[in-house]
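Engineer: Input sequences plus hints: build the corresponding full structure.
Line by line, the protein sequences are chains U and L.
The opening position of the first sequence corresponds to residue 1 in the working numbering, with each subsequent residue numbered one higher.
The opening position of the second sequence corresponds to residue 1 in the working numbering, with each subsequent residue numbered one higher.
No wet-lab data here; the hints were simulated from the structure.
Built from N, CA and C at the ideal position, the CB exists for glycine as well.
Just so you have them, the derived chain U footprint on chain L, three or more residues with Cβ under 8 Å:
hint, segment
1, 8-17
2, 23-30
3, 35-41
4, 136-147
Calculated lysine-lysine pairs in the DSSO-like style (CA-CA distance at most 30 Å, straight line):
hint, chain 1, residue 1, chain 2, residue 2
5, U, Lys170, U, Lys37
6, L, Lys85, L, Lys150
7, U, Lys7, U, Lys62
8, U, Lys37, L, Lys133
9, L, Lys133, U, Lys97
10, L, Lys154, L, Lys79
11, L, Lys154, U, Lys37
12, U, Lys97, L, Lys35
13, L, Lys150, U, Lys97
14, U, Lys170, L, Lys156
15, L, Lys79, L, Lys90
16, L, Lys80, L, Lys156
17, L, Lys156, U, Lys97
18, L, Lys80, L, Lys150
19, L, Lys133, U, Lys89
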Amino acid sequence: MKGNTKKLFRDGLFKNNPVFIQILGICSTLAVTNRVKNTVVMVAGLLFVVALSNLTISLLRKAIPSRVRMMAEVLIIASFVIIVDIVLKAYLWDISKQLGPYVGLIITNCIIMGRAEAFAISNPPWPSFLDGIASGLGYAYVLVSIAIVRELLGNGTLWEIQILGDWWVKWTMMVMASGAFFMLALFIWIMKGVVFRERGEA
Amino acid sequence: MPEKKGAWGKSLYTIVFMTFLTALFITVLSLLFLKTRPRIRVNESYDFKSAVLHAAGEETGRSGPEALIAHYDSSVEEKKLPEGKGLYYKVLRRDGSVSYVFPFQGPGLWGEIEGVLGYNGDLTEITGFDILKQNETPGLGGRITEAWFKSQFKGKVGPFTALVTSEEGRDSVNSFQAVTGATSTSAAVQSILNDLIRSSIEMLRTVPEEER
Numbered sequence: 001m002k003g004n005t006k007k008l009f010r011d012g013l014f015k016n017n018p019v020f021i022q023i024l025g026i027c028s029t030l031a032v033t034n035r036v037k038n039t040v041v042m043v044a045g046l047l048f049v050v051a052l053s054n055l056t057i058s059l060l061r062k063a064i065p066s067r068v069r070m071m072a073e074v075l076i077i078a079s080f081v082i083i084v085d086i087v088l089k090a091y092l093w094d095i096s097k098q099l100g101p102y103v104g105l106i107i108t109n110c111i112i113m114g115r116a117e118a119f120a121i122s123n124p125p126w127p128s129f130l131d132g133i134a135s136g137l138g139y140a141y142v143l144v145s146i147a148i149v150r151e152l153l154g155n156g157t158l159w160e161i162q163i164l165g166d167w168w169v170k171w172t173m174m175v176m177a178s179g180a181f182f183m184l185a186l187f188i189w190i191m192k193g194v195v196f197r198e199r200g201e202a
Numbered sequence: 001m002p003e004k005k006g007a008w009g010k011s012l013y014t015i016v017f018m019t020f021l022t023a024l025f026i027t028v029l030s031l032l033f034l035k036t037r038p039r040i041r042v043n044e045s046y047d048f049k050s051a052v053l054h055a056a057g058e059e060t061g062r063s064g065p066e067a068l069i070a071h072y073d074s075s076v077e078e079k080k081l082p083e084g085k086g087l088y089y090k091v092l093r094r095d096g097s098v099s100y101v102f103p104f105q106g107p108g109l110w111g112e113i114e115g116v117l118g119y120n121g122d123l124t125e126i127t128g129f130d131i132l133k134q135n136e137t138p139g140l141g142g143r144i145t146e147a148w149f150k151s152q153f154k155g156k157v158g159p160f161t162a163l164v165t166s167e168e169g170r171d172s173v174n175s176f177q178a179v180t181g182a183t184s185t186s187a188a189v190q191s192i193l194n195d196l197i198r199s200s201i202e203m204l205r206t207v208p209e210e211e212r
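Structural biologist: Here it is, written out as structure tokens:
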């Protein structure tokens with residue numbers, strides 16, 4: 001069990017990382033990573049949804065008729081996303097306004113459906129829950145890393161606090177979508193071309 | 001999946017299962033929604049009331065939602081412009097002066113931009129500007145909700161003839177600093193504000209002060 005847990009986390013975080021290995025969840029990676037604050041809320045929302053939808057789908061896996069399993073999965077995922085949306089509106093109103101439609105779009109994040117189909121539908125609840133956490137964390141650290149660089153270079157701030165002084169010429173491109181493409185490509189290159197190659201896993 | 005007898009049994013099971021699952025999740029979501037609805041309503045009304053007071057030049061930062069809503073209820077009066085040209089809000093400020101706040105809305109880059117613009121008692125100077133609703137690109141056009149953007153309108157008169165791209169030009173009376181990388185959104189704000197100034201505010205200027 002301990003070995004399995006380790007493998008789940010190694011896969012989610014590195015070997016089978018949803019963003020830079022499977023290239024899933026790219027829409028939100030490009031869209032929300034120009035602000036660290038928005039990114040953290042987004043990844044927290046996704047972590048909650050992927051972990052709990054994996055758990056629920058796994059608990060119901062023997063009862064879900066196979067021919068409507070994707071309908072059932074989407075229903076479960078959408079319900080958890082609506083919970084995130086309601087909680088943000090009630091308790092984190094400002095961030096809810098800033099994220100706007102992106103919270104609802106967690107439903108369409110391929111990572112969640114991907115983990116439901118690839119893992120939760122055929123595995124017991126606890127490993128499925130951990131798999132959701134591992135994939136969510138794998139998504140989280142990639143997005144937060146990209147957001148730190150984009151916000152710092154693009155606005156001179158981190159978490160909306162001024163870090164670089166007036167001397168810093170803001171790289172406007174960094175807060176635009178094109179900056180996200182460059183950052184994501186760099187991230188993939190560093191991870192696959194440098195980190196994994198050094199470890200002999202490329 | 002539990003063992004089932006035939007095609008009819010399978011179909012019936014599928015329908016019953018999906019109906020049950022849907023009903024279960026709808027019930028949970030409805031209960032959560034009902035539980036949080038008062039809080040969401042307070043947030044929504046707080047947003048509007050805070051924006052009106054902010055546009056009127058009142059300090060809103062330190063007061064909690066309840067205190068702010070109480071201040072709004074005791075100091076703001078909703079009024080109608082002549083000829084059915086819309087609403088405005090007369091705000092009696094803590095220092096005894098009066099401000100007039102005008103709601104505005106218009107097309108942004110991706111969707112409607114809604115907000116409020118406040119003027120002093122003799123309609124010669126802007127007291128504040130706030131955004132209530134926008135669907136602009138987060139991190140770009142969405143930055144029109146940030147304090148640095150909203151605060152630059154205070155003390156100006158309008159209409160705005162130009163957008164400037166540097167901080168040096170932001171103090172000019174007839175222009176404001178655009179959001180870098182979001183020229184379309186900034187131009188949309190300029191156009192919406194100019195429309196409001198040329199219609200509602202011009203109209204209120206024609207109304208004698210004691211009747212405003």
